[in-house]
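Peer 1: Line by line, the protein sequences are chains E and R. Position one of the first sequence corresponds to residue -19 (our numbering), numbered consecutively onward. Position one of the second sequence corresponds to residue 13 (our numbering), numbered consecutively onward.
Please keep in mind that the hints were generated in silico from the structure rather than gathered at the bench. Where hints are given, some of them may not hold.
Stated by the list, open to error - If you want the footprint, here are the derived chain E segments under chain R, 3+ residues with CB under 8 Å: (1) -2 to 8; (2) 41 to 53.
Stated by the list, open to error - Simulated restraints on C-beta separations: (3) E/ARG62 with R/LEU184: 52 to 58 Å; (4) E/GLY11 with R/GLU85: 54 to 60 Å; (5) E/ARG62 with R/GLU39: 53 to 59 Å; (6) R/GLU34 with E/ARG8: 52 to 58 Å; (7) E/ILE(-18) with R/PRO181: 55 to 61 Å; (8) E/ARG62 with R/SER118: 38 to 44 Å; (9) R/GLY224 with E/VAL(-12): 40 to 46 Å; (10) R/GLU39 with E/LEU10: 53 to 59 Å; (11) E/LEU10 with R/ALA188: 27 to 33 Å; (12) E/GLY0 with R/ALA163: 23 to 29 Å; (13) E/VAL(-6) with R/ASP145: 30 to 36 Å; (14) E/GLY11 with R/ASP161: 36 to 42 Å; (15) E/ARG8 with R/GLY224: 39 to 45 Å; (16) E/GLU41 with R/PRO78: 21 to 27 Å.
The beta carbon of each residue, even a glycine, is placed where N, CA and C say it ideally should be.
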Amino acid sequence: MIFIADVVVHLKPVVNDPQGLVVRDGLRRLGFADVHGVRVGKHIQVELDAGDEQGARAAVESMCDRLLRNPVIEDYRIDAVRAVAEAAAAS
Amino acid sequence: MRFGIAVFPGTWSDRDCAHAVELSGNEAVMLWHKDRDLRGADCVMLPGGFSYGDYLRAGAVARFAPLMEAVVEFTEGGGLAWGICNGFQVLCEAHLLPGALTRNASLQFRCEPSWLRVETDSCAFTASCRVGDVLQIPVSHGEGRYVADEATLDELERDERVVFRYVTPAGLAVGAATPNGSMRDIAGIVNPAHNVLGMMPHPERACEPLLGSADGMRLITSVARSLRRDGALAASTR
Chain E
-19 MIFIADVVVH
-9 LKPVVNDPQG
1 LVVRDGLRRL
11 GFADVHGVRV
21 GKHIQVELDA
31 GDEQGARAAV
41 ESMCDRLLRN
51 PVIEDYRIDA
61 VRAVAEAAAA
71 S
Chain R
13 MRFGIAVFPG
23 TWSDRDCAHA
33 VELSGNEAVM
43 LWHKDRDLRG
53 ADCVMLPGGF
63 SYGDYLRAGA
73 VARFAPLMEA
83 VVEFTEGGGL
93 AWGICNGFQV
103 LCEAHLLPGA
113 LTRNASLQFR
123 CEPSWLRVET
133 DSCAFTASCR
143 VGDVLQIPVS
153 HGEGRYVADE
163 ATLDELERDE
173 RVVFRYVTPA
183 GLAVGAATPN
193 GSMRDIAGIV
203 NPAHNVLGMM
213 PHPERACEPL
223 LGSADGMRLI
233 TSVARSLRRD
243 GALAASTR
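Here chain R stands alone, though its shape is the one from the complex:
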C-alpha cells in the first residue's frame, strides 16, 4: 500500500518516515504542502518537525496549507491520517483531534526513549498489537504535553480513543513515566471515527534494531494489514 508523507517547510522527519515505510515493504510518496493532490495515498502521514517554524503555536499555520484541505476531505471519507509529533499538533490545530499540545511541564526539550502501552487495538494503527503491549518508541519534542478539559478526557477514555499511554518499561502508568506531563499520561489519541491518529512519539525512529527498537514497525505493519489493496478499510476496523 501507499503512504503519503506530508512535507511542510520545516518538517524534519519526512525522510525518516519514508525510510521506515519502505523498510516495511510499502510505498512512500511525498506530499508537498502547496498541493491538494494526495497522489493516491492510502494513509497520509504528517511527520514531525517544525512546520512553518512553529511560529505563533506549533502546527497553527500548517493547518491552513492547501494540502491540509485535502487531508481533511480525505479523512471525512474515512481515509487514514497519522500525525506524529508536529503532525499531532497540526491535527489538533485543525480540530481533527480534540485538545492541545502545550509546553512540556519540565520546560525541557525531551529527546529520549519512551515506553507506550497500547490501550486499544480497535483502530487500524494498532490492529496488529494487543491491548497492554508495551512499545519502546522515542519522543523528541518541547511541546508535547497533552491537555484537554475533563469532559473531553473522559470521553476519550470511554470511547476507547486513547491509543497510547506513557508507561514505565514494565507497563505501568505512573505519571512520572510521561516525558512531558501529559494529562492522564496520554501519548496518542484517535478521532471518533478511529481513522485519524495523533501521537507525540516517533515510531519511524524505532523501526530497526540498530536504532534500539523496531517496535514502531508494528504500527506501520498494522496500517498496511488493515487496508485492502484498494485502500478501503478492512471490515475488522472501524
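So that you can see chain E by itself, here it is in the shape it has in the complex:
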C-alpha cells in the first residue's frame, strides 16, 4: 500500500528563528498588528510503501530521527499518514 506522510520540522522553541522574526515584522508592517510571533518551519511530504498505517508511521519516525530533522535544534511532528493506493491507481 502506498502512504503519504506529512511531516512538519520546526526549530525548537529555544532556538532563535530570525526568519520567523522577519516574517513577523513583515506582517505587522502590512497592518496585522495583532501578530505576536511567527516561527518558520518545513513541510516534508514522504510517499512510501508500507503494510499498514502503523508501519508507515514507524518508518517515517525513523526517517525523522536519522535525517529529516537535526535533533540539536529541531523538533518534528507527523501531521497525517494516509493511504493513497486508490488515488494512485486512479491517476
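Chain R: place on chain E using the hints.
Peer 2: Showing chain R alone in chain E's frame:
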C-alpha cells in the same frame, strides 16, 4: 605531509584548500565523496561549499557519504579532520562535533574579513599560535550561527575546546564582532580528543598577502609541524 581534501558535489573551496596546502610546501590529494579511501592522508580537510546543494540542512546529506564513514573511522583512531565552513556543518551533522550551525542572525550571507582570537593552542591546528593571537581570516556563509545548549557551551569552554572566537581587530570579543550571531562568539571548536576542528571562517582564503592576509597559513603550518612524517600525532599535542 599529506592533506586529503574531501570533494562532495557542490563543494566549492576544494581547489582553494589544495592551493593553500601546496603553497605551504605540503601535498594535497583530492578525496572523492563516493570513495572510502583516504589515500594516505595525514589530515582530512572538509572544505566549504554547498555539499549536495545543502538541501534539507547544510551538511545533512554529506554526512552519509561513503567518504564520511572513512573519516569517522580515521578520527576515532586519532586522525586529524579539519572542517571549514560547510565542512564544519558536516562535522556537526555527523555528530563528530556538538551543536549546530543555523541561519545567520542577520539573515544575510556574509562574505567579509573577520578577526579570530586563538583561544587555545592545545590542538594540532593552533599549535604554532599563541593564545590571544588575532588572525584575520574571512567568512563566507549564510548559515554559520553556532548554537548549542548552555551545558554544552560550558563544557566546551571548560575543556578548552573553543579554538576561535570572533573578535574586533584589536582582539575584543564584543558580540557585535561576530558576523553571524554565534553563541558566545564561537567561530571554531574541537572534539573532546582535540583532533577534529570545525570552523566557519576560511583560512585557505587567507594564505597569501595578495589576498589581504596570510594568517590562514599559520594553521596549515601548525598542522604540518604537529605531525611527524608518519602521520602520528606529535607528543606535544593531545
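Peer 1: With reference to the structure, classify each hint as holding or not holding.
Peer 2: Evaluation of the provided hints:
no. : hint                                 : verdict
1   : -2 to 8                              : holds (count 3)
2   : 41 to 53                             : holds (count 5)
3   : E/ARG62 with R/LEU184: 52 to 58 Å    : 56 Å, holds
4   : E/GLY11 with R/GLU85: 54 to 60 Å     : 57 Å, holds
5   : E/ARG62 with R/GLU39: 53 to 59 Å     : 56 Å, holds
6   : R/GLU34 with E/ARG8: 52 to 58 Å      : 53 Å, holds
7   : E/ILE(-18) with R/PRO181: 55 to 61 Å : 59 Å, holds
8   : E/ARG62 with R/SER118: 38 to 44 Å    : 40 Å, holds
9   : R/GLY224 with E/VAL(-12): 40 to 46 Å : 44 Å, holds
10  : R/GLU39 with E/LEU10: 53 to 59 Å     : 58 Å, holds
11  : E/LEU10 with R/ALA188: 27 to 33 Å    : 30 Å, holds
12  : E/GLY0 with R/ALA163: 23 to 29 Å     : 25 Å, holds
13  : E/VAL(-6) with R/ASP145: 30 to 36 Å  : 34 Å, holds
14  : E/GLY11 with R/ASP161: 36 to 42 Å    : 38 Å, holds
15  : E/ARG8 with R/GLY224: 39 to 45 Å     : 41 Å, holds
16  : E/GLU41 with R/PRO78: 21 to 27 Å     : 26 Å, holds
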